[in-house]
Each structure stands twice: as C-alpha cells, then as structure tokens.
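K.L.:
From just these sequences and the hints, can you work out the full model?
These protein sequence lines map, in sequence, to chains R and V. Here the first sequence stands for residues 1 to 491, numbered as in my numbering. Here the second sequence stands for residues 1 to 474, numbered as in my numbering.
Treat the hints with care, as some may be off.
In silico PhoX-like pairs for lysine-lysine, Cα to Cα no more than 25 Å straight-line [stated by the list, open to error]: (1) V:LYS7 to V:LYS62; (2) R:LYS88 to V:LYS379; (3) R:LYS62 to V:LYS7.
Just the calculated beta-carbon pair ranges, DEER-fashion [said to hold, decoys possible]: (4) R:GLU221 to V:GLY365: 20 to 30 Å; (5) R:LYS272 to V:LYS78: 45 to 55 Å; (6) V:GLY365 to R:SER123: 36 to 46 Å; (7) R:GLN197 to V:TYR366: 54 to 64 Å; (8) R:GLN333 to V:SER334: 39 to 49 Å; (9) R:SER292 to V:GLU46: 48 to 58 Å; (10) V:ASP106 to R:SER40: 27 to 37 Å; (11) R:ASP125 to V:LYS78: 34 to 44 Å.
By construction, these hints were calculated from the structure, which means they are not laboratory data. Here a beta-carbon is modelled for each residue, glycine too, at the ideal position from N, C-alpha and C.
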Amino acid sequence: MNNFIKGEKHDWEMVIGLEIHAQVKSNSKLFSSSSTKFGSSPNSQVSLVDAAMPGMLPVINKYCVEQAVKTGVGLNAKINNYSVFDRKNYFYADLPQGYQISQYKYPIVGEGKVTIDFKDGTSKDIRIVRLHLEQDAGKSLHDQNPSKTYVDLNRSGVALMEIVSEPDIRTPDEAGMYISKIRSILMYLDTCDGNMQEGSLRADVNISVRKPGDDYGTRCEIKNLNSIKFIKQAINYEAKRQIEILESGGTIEQNTMLFNTSTGKTRPMRNKEEAHDYRYFPDPDLLPLEISQEEIGKIKSSIPELPDELKNKFIEIYKLSNYDASVLTAEKQTSDYFNESINSDPELKNHAKIVVNWITSELFSLLNKNNLDLNNSPVSPENLGQLIKLISTNEISGKIAKDVLEDMFSSGKTAKQIVDEKGLQQVTDQGEIAKVIDEVIAENPKMVEQYLAGKDKLLGFFVGQAMKLTKGKANPKMLNDILKQKLNKKN
Amino acid sequence: MSKSSLKQTLKDLDTKKISIRELNQDYLKRIKENKNLNVFIHFSEENVLKQIDNLENDNSAKKLKGIPIAIKDLFCTKSMPTTAASKILENFNPTYESFVTQKLLDEGSIFVGKTNLDEFAMGSATNTSFFGNTINPLSKENEPLAPGGSSGGSAAAVAADLCLGATGTDTGGSIRQPASFCGVVGIKPTYGLCSRWGIAAFASSLDQAGIFSHNVEDASILLQSIAGFDQRDSTSAKVDIPNYFENLDDDLNGKTVGIPKEYSIDGTPMEISQIWEDAIKVLEKKGVKIKNISLPHTKYALPTYYIIAPAEASSNLARYDGVKYGFRSDEIDSLDEMYENTRAQGFGREVKRRILIGTYVLSAGYYDAYYLKAQKVRKLIADDFNRAFNECDFIVTPTAPSAAFPLNEKQNDPIKMYLNDVFTVPASLAGLPGISIPFGKDKNNLPLGIQILGKHFDEQQVFNAAVSLERSYE
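P.N.:
Structure below.
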C-alpha cells in the first residue's frame, strides 16, 4: 500500500510535520498567578506581570513544569534535567513584553514517539523532536470597532506546550490520527483539556511534496489550525497547490500560510525574506530550569494508565479486537465509562463485546442526537450495565432494550424500573409461548397450508404474528423453536 | 556646613533632641534652596508633609522612622510618579511599590522625592535625562560639573545634604562612579542581594539596587534595610542578611588586600594613581598584607559590558510600545507607525543608540560573534575574580579614571563616556559587591573615590575595609 497522490505526470508524496500548541491545564499562568479560566470578561485576568508593567518579573509556575514533564513521559520522551527559557523578541499589540518567553536551545523535553493505529490493524510510529514550554500571547480584537483594535490580555502568559513532530506524516488522515492520539494522551494525563474549539489545542502544519524517493521538497507552514477537519482540508488544498506549481515547472517559495476556513484555501502570510528575526537569547530574569532524576521519578510514578497500555489490557482481559479496544480507549471518558459499566456486575465480564457495542453505537448515537457527551450522559455506567445484564440473561430482548435505553435516557429511570413498570420482561415460559403459537396457527389455516406445501419464507410471518401478540416480549429463539416444532408436527 | 549623619540623627530623634517634623523641615528648606541643581524629577512638599503627619500619629518603633530618603526615579513608587527619566514614562503612576522602597517605607523612612538619572539608567553623567542635567553640588560658580551617572540625582542629593541617604541602581558603575564624583559613599551589593522587583529594568543580569550615604556606617544601616530575599524575583538570593552596622570592625590586621595590576591604565591621571597608592599605604600601616594580583581579562570587560547590557536593554525596553501605558505618539496610521513614532519620539538618543546596538548583537548571524562570545568572556572575568579571591580578602582600586568633569564635556563622544566605567564594570559583570568612598582630592580640590570589591555576599568585609579607610582618612 502506498499513499501517493496521482499527479498529471507522476505520483507525489506528501511530507508533513506538525507543531502542536497545547494549553497546559493549570489554574494559573506560566509566570504569574492570574487565573487561566476561559471566557471571562476581557482583561479581568491580568496581573502586573502579564501586562508587562515596568519592573515586573516572571516567576516560574512549578505546576506547569510538572505538567510538561508528565506530558513528556506520556510521549515516551527524554526529559531534560536542564532547560533554559529564552526570549523570542517581536512586536505585536497583544504581546505586552515585546517578547515571548519560550524555550529555544534547551527544551524541557527531548525526543519521543507516539503510535497511531490504522483500521486494518497496522500501526505507525510518529517521532517527536521536542516539547517546550512557552507563554501564550493575548488576543487582538479587530471586530469591536470600525477603526480601532482592542487587546484582551486574559490569555497573555498562559502556559503552552509546543510539541514538534518529525516530518514522519504522509497523509492528511495520518495527520488527523496523530493529533487525535496526542490529544488523547494529554487528556489521559490531564495536562491539557483538549478543547480544540476554545483553542486549547491548535496546530501549525509544515507540508511539502516530493516525488517518491526524492529528498524533501521546500515546505510551507500553515499557521494556527484549530480542528482536525481544517487540518485535513488545509493539507489537501496546500498539497494540491504545491503539486500544480511543480508540475507546471515552478518552484515552491518557503512561505508561512494562513488557512481560510470558509473558502478552504491557503494564502501566503509572509515569505522567507519577511520572516522575523526573533533574536532569541536566554531570559536573564529567569534561572535555568533544573529537574532532578528524583523529581522526574516522582512525576513518572504519578502517571495514570495511558491509552496504549489500556488498549492492550482490554484486548487481554476482555478478548476485544484491536479496533474495538482502540475505539474504547481513544478518549479517557469512554474507557472510564466502559470500566465502570463492566465492573458494575461480575457477570458482565463475559459480555464485554455487548458492552462495547451498546456504548459505542446505541449510547453514542443518543448522546450525539442530544448534543451531549459521556461526561453528562443521563444514563450512568451502572444503569447501562444493568440494562446489558437484562439482555444477557434473556430478561428482555435486544430490540426492546433499545426502547428501554431511550426511555432511560429521557426519564432517568433505571432499566429495571422501566421493564417492571411496563411489563417488558421477555416471555420465556414454554407453555405461554406455545399457547400463542397455537392461536396463530389456528387463525391462519391457509398460510399453514402454503407453508407446508414448501413456502418456507412464511415462517417469518408466523414469528411476526406471534411477536405481535406477545408485544415483542417472546424470547425469539424459543419462539422459533416451538413454532417450527408445531408446524412440522402438522405435516 | 557640617552634615549630620544618619546614625547621629537616629540618636537625636530617639532622645527627642529633635522632632521628625523639625528634622524634615530642615531638609525641605535645603531642597527648595537647591532647586537649581535639578536633583529631583519629582518633588512635592505637600507629599513630604503628609508623610510627617502620618508618622507623628504612628507609635510603633521603626528603624528608620522619620529619616528623609531620596529615591532614584527608576524605582516604582505608589505615592509618586515614576519616569525612569524618560519621556516615554512621563506621566506614569505605578499602582505598586518596588521591593526596595517598600522596605524603606516599612522602616518608617520619609521619601523626599524622586531623583534624576540618565534615561533608563543609561549614561555616566546624568545628562541623558528627559528632564535635563543634574548639576554636581560641588561645582564652582560658572563652571557646572557633572555629578556622574546614572544615579547622579541621588548622589547629588546626598552631597548637597538634601537627604540622609538615597537609593541608586548600579548596572556598570551607576552608583559607584557618581558617589566618587560627588564625594559621598555609594555601595552596590552583590547581584541578587536586593530584589529587582519594581525597578524599571535596564540590563537584568547586571542591575542591582544600592545605597548612597554620607559615610560608611550610614550605608551599612541602610543597605541592611533594603536587602533580602524576594520570591517575586527569581534571581534574588536566599541568604541571611547580617547586621552590617553591628558587625562593623575597622581592625583589618591580618587581612590581605588584592591590588590588580591591570587597573593601572595608561593615561590615568597622576592624582588617581596617587590616591590608590595612599590607600594601599594606609592599609599596610593597619597590618593588611598587600598582594599583587592579576585579573587578566580586565581589558575585555568594557566591550563585553557594552554588548551584554545593550542586548538585554533592547529586549527589556520593548515593552514601551505605546499600547498599554506611557507615551503614545499622536501620529499613527498603522500599528507599525505607532511603534515607530512612539519609540522615536519617546526615547532619547542614548537609549536609542543602545537599543540599536543590542538589537544588532542579538541578530541572526551576529549572535555568536557578539552576544555568545561576550557571555563566554563574562565567565572568564568572573573566574579571574574567583581565583584572585583565593589569595585575598578584598580588592582595592580607584573608582573612576577622573574626578567630576564639566557638564557637556563628553556629551558627543559616547566612547569617551563609556570609558568612565572602566574600573567599575568588571565587578558588575562578576556580580560582586563594591563600594566607593571619598578618598583624596584632585588638583582642583574635587573629591576622588576609592573602590573596594569583595567576595559574593561578603558585604561585611567590604564595609569593614571601607570604614577602616574612611576613619584613617578623616
């Protein structure tokens, strides 16, 4: 299998690397004690340090450092005992200091890797170059006044982790899977809330194209993409644009691009000549960051199970397929829900596949329809477990269970309550079922004749009639067995 | 005019020989009489009287209760505007109090005003201020002299007896050189001894707050008041602050003084070499062992300093952009124009020169040759001192290569001006404590200064040597 794109003249291969900016989950900013709460009124979370008042000095927030180390461990990366904060100098209205404090030469986290899993059961490692800590800038608001720009500094100084990948990605799908996997790991670690809509996770995409086997081509960087959909769209558009230029004999200019989400097109923001000279140098207001092996060990031991470990555990314990297990572990809330649900009754362990199906298809579709997610699901994991137990013990049929789930979803009642109240227990009494079947046979003599004459398809008709009479509650297997028995006796 | 010392004044206040009001009225009178010196950027009699009122109603015991202190206008203060002597901060009123000034307020001192300085502390003559030159109180009529800089206003305030002590900051000599020019005591402590929190930054890795006073004892009292760890400054040191004054000991018998041969520079005036020799002789008489030492990288200190300090300044001053506070140009048609015109009109020549130098030395392609190399040399200079201090307890040198020069003399020659820092810059680069005390006069009867350098956080030794020299000179 290859991932080449057909061009006019020959095949092309995309070469993609991502710089992910993940907001560190922390109550206060990287170098000040102001709150990081999203959506507060403008400039309500700005300290003297964040506003870069004269004589104000940054002080490192140790919690943010721990979060970065934790993330590094989760990315299977080398944690550096020594790292340095540098100043990245440039002017912008929402950058109060006139520089961003970042890490340049000596980042806190070095080389690592993450694995992405494909549907066909194969997987691929994407190498990570580094992770460093840096400050976010404020926000320029251009749409509040026709002639003025307003600046909101609430975000100014919030801690970001920049996670830089090697150019190991070859398709837009891989890019999407990579960022999903990073997001999943960060959320398991609780080091980033993963909210792409609020900008807690965004990415710059570096992309070039080449003839398969050639050296890397000239790349362009697409800035600030905040959804997986846009990342894929932007890559597709940009690759096409580059291929068209190259096939018509042109060359690619190393540009920084912006992606227009309404047109789906990229356009150049600045070229290499216009690129900033950031004049990086070590921030003299801050000492180098030193972390001992002991501290790293302490943080390591506090790390929860990560998606890959959990996936393997689910495969091992519950004999799930690789695909089911990876769907289940992609989001922490899903695996948590599954865990709680399957552990709510000892018998459910033997019905893991049913539990997975009910979570990932029935419950998910109800949640989607109602714009909810697992965290605020009206059906608790225990209640879903109870429902599945009713199915597995033949107390209700799968078909009725779907109605029960909908009822649970809207009424908040437990499965048992609903089944009892509505009398939905499956009929498993042989005599009762036989009685119903006798009734159906007696009422449809012509059909019975036709069936006996060889029209086998009519069996379904009899099942339907009998089900109707039992309001769907008859145990389908017993119904089938007894029906066949009785009809054959007529022969 | 015999100036009373801080030590004596504290006694007089304690024994009720004089009241806080009488004391400060006396200083207020002199301040008003000396307006021509242009010592203060901000002075408000009303504000001083209000502070007196408050203290009269305050019964708690405080170490510096009622003592008039002048504050260099680089320290942010709540009760007075803070300008850094720049147009760009002309009407800036901080909502916060710097660590150092807060400590002085906690001790009950009275701030008489904010003193003039070179714009953002960049200069050696207090002649780059947006608010005009300060005149050295020792000037003769019709021959105004520079007070040195950058803390020229604070040095002049003490010299003219407009206060009992003043704060300064020293980045490459900005306390020691003006102390020498004005004939007062000035100490720059070890980098990290006093928090930089609330001091408008010039060069973060060098800036350090310190004290001007009439004599060494007073300096020891005042420095203890402003020193101490501050968690808001990551470069602030967690060290115990001894009671410098209580521990003062002028008996130097058995100590060793280092005399660095590299500080004998061609072209140094005879008088300077003379007072240096005199000081050494005095020490020898006191039983101090004289040790000739070598600080081989001294000659690279000045160029190193004039790469590192402007580099940091170019970044530190980026925050003055017209967006959030301070001056903003009226002539704005775009964001870029706002930056360009605000900074072109808001900063003076010397500040712009240093921002340009700093921007240049940090630029891609030049960084390794200038900034990185300068950092390596800085390390070598620090190593020189560390080695030297294995052989001696303190080092004695002249403070400046000349006495106070006439105002405007070196105005148009930055290199000549930069040479003023030749004896003070090496210790700044190494982060060492240094004091300048008046010691001898030149042919025009102008004071000259002797510099004493000590080991990191060994301010006590510096004070001891200084007080010993001071007492023998008197």
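K.L.:
Each hint should be assessed against the structure and marked as holding or not.
P.N.:
Hint by hint, here is what the structure shows:
The hinted pair formed by V:LYS7 and V:LYS62 meets the criterion: a straight-line CA distance of about 14 Å does not exceed 25 Å. Pair hint R:LYS88 plus V:LYS379 holds up; C-alpha atoms about 24 Å apart against a cutoff of 25 Å. Only pairs whose Cα atoms come within 25 Å are accepted, and R:LYS62 paired with V:LYS7 is rejected, the gap being roughly 44 Å. Separation of R:GLU221 from V:GLY365 is about 22 Å and conforms to the stated range, judged on CB atoms against 20 to 30 Å.
In this structure the supplied range 45 to 55 Å holds for R:LYS272 paired with V:LYS78, their Cβ-Cβ distance being about 48 Å. Judged by the Cβ atoms, the range 36 to 46 Å given for V:GLY365 and R:SER123 holds: they are separated by roughly 43 Å. As the Cβ distance of R:GLN197 to V:TYR366 is approximately 43 Å, the hint placing it in 54 to 64 Å is violated. The supplied range of 39 to 49 Å is met by R:GLN333 and V:SER334, whose beta-carbon atoms lie about 47 Å from each other.
For the pair R:SER292 and V:GLU46, the supplied restraint of 48 to 58 Å holds, since their beta-carbon distance comes to about 55 Å. Distance hint for V:ASP106 and R:SER40: a CB-CB separation of about 34 Å, consistent with the stated range 27 to 37 Å. A hinted range of 34 to 44 Å is violated for the C-beta pair R:ASP125 and V:LYS78, which are about 57 Å apart.
Hint compliance for this structure: hints 3, 7, 11 are not met, and every other hint is.
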